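Q: If you want the building blocks of each chain, they are given just below.
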Amino acid sequence: MNITQLSLFLENKPGRLQSALKVLAGKNINIRTLTIAEVTDFGIVRMIVNNPDEAARALRENHFTCSTTEVLAIEISDEPGQLEKALEAFSRHKLNIEYMYAFTEKRNDRAVMIFRFDDIEAAKKALAGEGYKIVKKIDIIGE
Amino acid sequence: MFNKEYEAMQVSKLREVQLERLRWSVKHAYDNVPFYRQSFDAAGFKPEQIQSLDDLRRVPFLMKQNMRDAYPFGLFAVPMEKVVRIHSSSGTTGNATVAGYTRNDIDIWAEVMARTIACAGGSSKDVVQVAYGYGLFTGGLGAHYGAERIGATVVPISGGNTERQLMLIKDFGTTMLACTPSYAINMADHVERNRPDYDFRKTKLRAGIFGAEPWTEQMRSEIETRMGVEAFDIYGLSEVIGPGVSCECSAKSGLHVFEDHFYVEIIDPESGEVLPEGEKGEIVYTSLTKEACPVIRYRSRDISRLYRTPCSCGRTLVKMEKVTGRSDDMLIIRGVNVFPSQIEAVLMEVEGTEPHYQIIVDRKDALDDIEVMVEVNERIFSDELKVMNQLAARIKQRMQSVLGVSAKVTLVEPRTLARSEGKAVRVIDRRKLK
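Respectively, the protein sequence lines represent chains A and P. Oh and the first sequence: position 79 is 79 in this note's numbering, straight run, nothing missing. Oh and the second sequence: position 208 is 1208 in this note's numbering, straight run, nothing missing.
By construction, these hints were calculated from the structure, which means they are not laboratory data. The model shown is predicted, which means the values in this text are computed figures rather than measured ones. Mixed in with the good hints, there may be bad ones.
Unchecked claim - Derived, one-sided and incomplete: chain A residues facing chain P with beta-carbon distance under 7 angstroms:
#1 4
#2 9
#3 11
#4 35
#5 37
#6 40
#7 42
#8 44
#9 67
#10 70
#11 98
To be verified - Just so you have them, the derived chain A footprint on chain P, three or more residues with Cβ under 8 angstroms:
#12 1370–1383
#13 1404–1414
Said to hold, decoys possible - Sample of chain A residues lacking proximity to chain P, with all beta carbon distances greater than 10 angstroms (derived):
#14 41
#15 65
#16 85
#17 86
#18 90
#19 102
#20 103
Note that CB positions come from ideal geometry on N, CA and C, so glycine has one too.
Using the sequences and the hints given, assemble the complete structure.
A: So, in structure tokens, the structure goes:
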């Protein structure tokens, strides 16, 4: 049920993201979605790719620092107020979101959001109880 | 013990040996090297005035600059046909310093390096992999001759080619590794990153003799944990002989100096006065037996202290504290003395940080700025920005409390800092260029 996210450390300099993506392109890795959190000197690139293990291996071989983290992909109706409603449910269950970002494609007219919870197991349990659909890995990475 | 007669000699007897050899060495330098003759004459000193070891205090110092000025052979005390080997420093900060060796000098060097290996528990049963660089640098050949002298099996692989180092450790059953501590950490990094199948603990490697650069206790425990070896500090300098000047024994409470060949004093680097035993200052070396290049009161710039306490290993030789700083490397940041080794200790202390760092000192608007760049490896990397920011803040805070100056801490990608398989480039002082 969990999705494996690839996280990558990059210095905030021209060409760094490009050189990392070049490594992934060389291994035929498809990036399904990507987001960057940055401060002045560096950034953390978070991405969902079709083959995170292979991608991590290729990046490490090229001396990039990266890691993999388990995150949840959740379907949310693409209508006003629906994201707020989801967050209200999370807060009721005292689930802390470390960060979140959107998936680029819709699924059955619904938006897909990626959530990084500090306690992923508690989050899964609570979400199932609330009737949210957690998207399976196979559906996300398309394999 | 390789040479019990000298290493465990009664101190009073050792003093006699030292005095006799000192008188020879000072006279040898005066008679055969114009530099010493001029320098001693200018100070009104004659070799005959050495009646006790303390009389050495009247002799002028030999500075690193004197050695550079004498490039290449100005300090040689024997004709070239007696010189069988030449070593030299890299000369990155000026003229290189050149050292010549007679056959007898090479013999003494092999002896003190054999003692060093024995000090670290080595014997003829060991397989010693010498991963110090071979060539003009004294590390490789110094360790090589010492290991041969003790009768060990030498693997003269030299520095670099980490994959091959790992293969030979495994295939040749290497028991002892000789290299710089930063290269040892490099090897452990390489294994962690690229060789999940490789386990140092499944090899026969059990000890390492590490030297040629200052390193900290934290680095020692890092190497010991990650490589499963006992790490010994060995010390030497090419101006004096190369590695083999002093080394740690199993007690690991300081490095025994081979005093029957090298006489040591500790001085106040400011006043030049000799300090009493136990006080911290600059180490000054006088060679007692060297023929080709005698050194008389050479100011090493290395900071240490001496103490002669009974040692569990049975050696009576004086111990010097592990050198963790050089007065040369000392940075003065806004009036505060900062040693790169202190910065390294902070990085090691902050959870998981390895010492791949570089210090950049610059001057902006007449104010010194210090920036510490730390490479981010997987053990300290997190997908959460707040964790990364906390790491940088923690390093910054510890720096402030340990060094007494505030430093900018920048996290950088792996492999962005200059790194070598020999000595690491730790400090870039841009103030000097302005």
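Q: If a hint holds in the structure, say so; if it does not, say that too.
A: Each hint tested on the structure:
This hint is violated: residue 4 of chain A has a C-beta 11 angstroms from the nearest C-beta of chain P, more than the 7 angstroms allowed. The restraint placing residue 9 of chain A at the interface with chain P holds, with a minimum CB-CB distance near 5 angstroms, inside the 7 angstroms limit. A cut of 7 angstroms between beta carbons decides the hint on residue 11 of chain A: the least distance to chain P is about 5 angstroms, and the hint holds. A hinted interface residue such as residue 35 of chain A counts as satisfied when its beta carbon comes closer than 7 angstroms to some beta carbon of chain P; here the least separation is about 11 angstroms, so the hint is violated.
Using the Cβ-Cβ criterion of 7 angstroms, the hint placing residue 37 of chain A at the interface with chain P is satisfied: the shortest such distance is roughly 5 angstroms. Restraint check, residue 40 of chain A versus chain P: the minimum CB separation of about 9 angstroms is more than 7 angstroms; hint violated. Taken as an interface hint, residue 42 of chain A checks out: its beta carbon lies about 5 angstroms from the nearest beta carbon of chain P, inside 7 angstroms. At its closest, the beta carbon of residue 44 of chain A sits 6 angstroms from a beta carbon of chain P; the interface hint therefore holds under the 7 angstroms criterion.
Interface restraint check: residue 67 of chain A against chain P, minimum CB-CB distance 6 angstroms, threshold 7 angstroms, status holds. Interface hint status for residue 70 of chain A: violated, as the beta-carbon distance to the closest one in chain P is roughly 10 angstroms, over 7 angstroms. At a threshold of 7 angstroms, the smallest CB-CB gap from residue 98 of chain A to chain P is about 6 angstroms, leaving the interface hint in force. Coverage of a stretch by a chain is defined here by at least three residues with a beta carbon nearer than 8 angstroms to that chain's beta carbons; for the stretch 1370–1383 of chain P and chain A the count is 6, and the condition holds.
Coverage of the stretch 1404–1414 of chain P by chain A holds in this model, with 5 residues showing a Cβ closer than 8 angstroms to a Cβ of that chain against a need of three. Look at residue 41 of chain A: its CB is around 5 angstroms from the nearest CB on chain P, not clear of 10 angstroms, so calling it non-interface is violated. The beta carbon of residue 65 of chain A is not kept farther than 10 angstroms from every beta carbon of chain P, the shortest such distance being approximately 5 angstroms. The beta carbon of residue 85 of chain A sits about 26 angstroms from the closest Cβ of chain P, which is more than 10 angstroms, so the claim that it is off the interface holds.
Against chain P, the non-interface label of residue 86 of chain A holds: every CB pair exceeds 10 angstroms, the least being about 21 angstroms. Look at residue 90 of chain A: its CB is around 17 angstroms from the nearest CB on chain P, clear of 10 angstroms, so calling it non-interface holds up. Every CB of chain P lies more than 10 angstroms from the CB of residue 102 of chain A, the least distance being 17 angstroms, so the non-interface label holds. Every Cβ of chain P is farther than 10 angstroms from the Cβ of residue 103 of chain A; the closest lies at roughly 17 angstroms, confirming the non-interface assignment.
When the structure is compared with the earlier hints, violations turn up for hints 1, 4, 6, 10, 14 and 15 and for no others.
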